Amino acid sequence: MLEQELFDLLSRTSDAAFAITYLCEICSWNKGAERLFGYSAADAIKKNCQSLLQAHGVLGNRPWSDDSGVRDSAVKHLAIPDFDLEVKIRSGRWIWVNVSTLLFENSRNHRRLIIHLARDITIRKKSEGLLQKMMQISRQLVSLPDVVIGPIPISPLSDHEKSILQLFSSGKNAAQIARNLGITPQTLRNHLHHINQKLHTHNRLEAVTHAAQRKLL
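For the sequence shown, the working numbering begins at 1 and goes up steadily by one.
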């Protein structure tokens, strides 16, 4: 496949898709990228990806810097797992995106490119942050000696169900948990339904909070 054929293919995906060289220079920028980041193709192409988006990960790492793991893995042809980034879009607002990566080599001139597909996960990140805050509050309440909690009797949770709640309490989302446990999203939903029945709760946030209060996690 030649580069133009690749760029034509990326132009037809609804995800934000862009290609960068191993020096992190943007060489392709589709309509999805324009919608997500606010920069037109003319604004983005030939720009340094890190300078344009000012991206950083949850630990402050910069994915497209000179010493980035993304570029190092690409050079070594290693698989690159998807990762979450906070980026600054053209309006000046910061959003969270999940980024997956493909490696491409031009069959004619053997130039190698890094292809990224990105999707907005800002709402998911806010939900995870809220869950973390609720967990902190729950732990503080449980640790107070003068707080008397008289929970109604519940059915015991299985070890598997406790593991699911523990993963949610650590900030993982449903897709990550299903993947980690090797189950389908529907199976995970079934487990959550049974957990809520046992704990007399109505959603996963309540379930995690109640489980923490009962010192089940």
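Simulated from the structure, these hints should not be mistaken for laboratory data. Hints are supplied without guarantee of correctness; some may be wrong.
Simulated crosslink set (DSBU-like; lysine-lysine; CA at most 35 Å straight-line) [claimed, not checked]: (1) LYS31 x LYS46; (2) LYS162 x LYS198; (3) LYS198 x LYS133; (4) LYS172 x LYS133; (5) LYS133 x LYS47; (6) LYS162 x LYS126; (7) LYS46 x LYS162; (8) LYS198 x LYS172; (9) LYS47 x LYS88; (10) LYS126 x LYS46; (11) LYS88 x LYS133; (12) LYS76 x LYS47; (13) LYS215 x LYS76; (14) LYS126 x LYS215; (15) LYS126 x LYS88; (16) LYS133 x LYS162; (17) LYS172 x LYS31; (18) LYS215 x LYS162; (19) LYS133 x LYS46; (20) LYS126 x LYS31; (21) LYS76 x LYS133; (22) LYS125 x LYS76; (23) LYS31 x LYS47; (24) LYS31 x LYS76; (25) LYS215 x LYS125; (26) LYS133 x LYS215; (27) LYS172 x LYS125; (28) LYS88 x LYS76; (29) LYS76 x LYS162; (30) LYS46 x LYS76; (31) LYS47 x LYS162; (32) LYS31 x LYS162.
On a predicted model such as this, the values are computed, not experimentally measured, just so you know.
Exercise for review: Any hints from earlier that this structure breaks? Give me their numbers in increasing order, please.
Suggested key: 5, 7, 13, 19, 21, 29, 31 and 32
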